[in-house]
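**Q** Just so we're aligned, residue 1013 is where the sequence shown starts under our numbering, counting upward by one.
Hints listed in this document are in silico derivations from the structure and should not be mistaken for laboratory results.
C-beta: ideal position from N, C-alpha, C; glycine also.
There could be a bad hint or two in this list.
Taking CB as the label site, the calculated pair distances span [unchecked claim]:
hint: 1; residue 1: 1026; residue 2: 1102; range: 25 to 31 angstroms
hint: 2; residue 1: 1098; residue 2: 1142; range: 33 to 39 angstroms
hint: 3; residue 1: 1124; residue 2: 1104; range: 23 to 29 angstroms
hint: 4; residue 1: 1048; residue 2: 1119; range: 33 to 39 angstroms
hint: 5; residue 1: 1020; residue 2: 1094; range: 28 to 34 angstroms
hint: 6; residue 1: 1115; residue 2: 1094; range: 19 to 25 angstroms
hint: 7; residue 1: 1115; residue 2: 1093; range: 18 to 24 angstroms
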Amino acid sequence: MSRIIVNPPELVSPIGFAHGVKAGPFVYLGGQTALDANYKIVPGGILEQFEQAFGNVLATLRHAGGQPSDLIDVTIYLTDVDDYQRNGKAIGAKWREMAGTEYPAMAGIGVTRLWQPEALIEVQAVAYIADEVKY
1013 MSRIIVNPPE
1023 LVSPIGFAHG
1033 VKAGPFVYLG
1043 GQTALDANYK
1053 IVPGGILEQF
1063 EQAFGNVLAT
1073 LRHAGGQPSD
1083 LIDVTIYLTD
1093 VDDYQRNGKA
1103 IGAKWREMAG
1113 TEYPAMAGIG
1123 VTRLWQPEAL
1133 IEVQAVAYIA
1143 DEVKY
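Could you build all of it, start to finish, from the sequences and the hints given here?
**A** Spelled out as structure tokens, the structure:
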């Protein structure tokens, strides 16, 4: 089975990690915080950070040849679960705008902090890009 590193040029240049790894039909999408192309966490709150972090995941997936409906598992790490829940409707609407309604298996996990101290969210995922007919 082949193993291909996936680093989209529009994301920050990785040092010591890969944005994604394609192994056969699977794409393992590394954890993404709300870093923009200038190595800064986007301003705003959880909604803005969700949009950037999830957008980074989707950029990596697209660079690997996939699309949002190929996502099979998404894990969201949160420094404030209550804040995420308070903004759940807006985050759900943003998800549908960015990825549609073919939802993967998902988990939300509360953590004490993320790599960048100002990061509120990190999104990690797995996708399956199949050549055969999807059911």
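**Q** Can you give the numbers of the hints that this structure goes against, from lowest to highest?
**A** The structure conflicts with hint 4 only, although it agrees with all the remaining ones.
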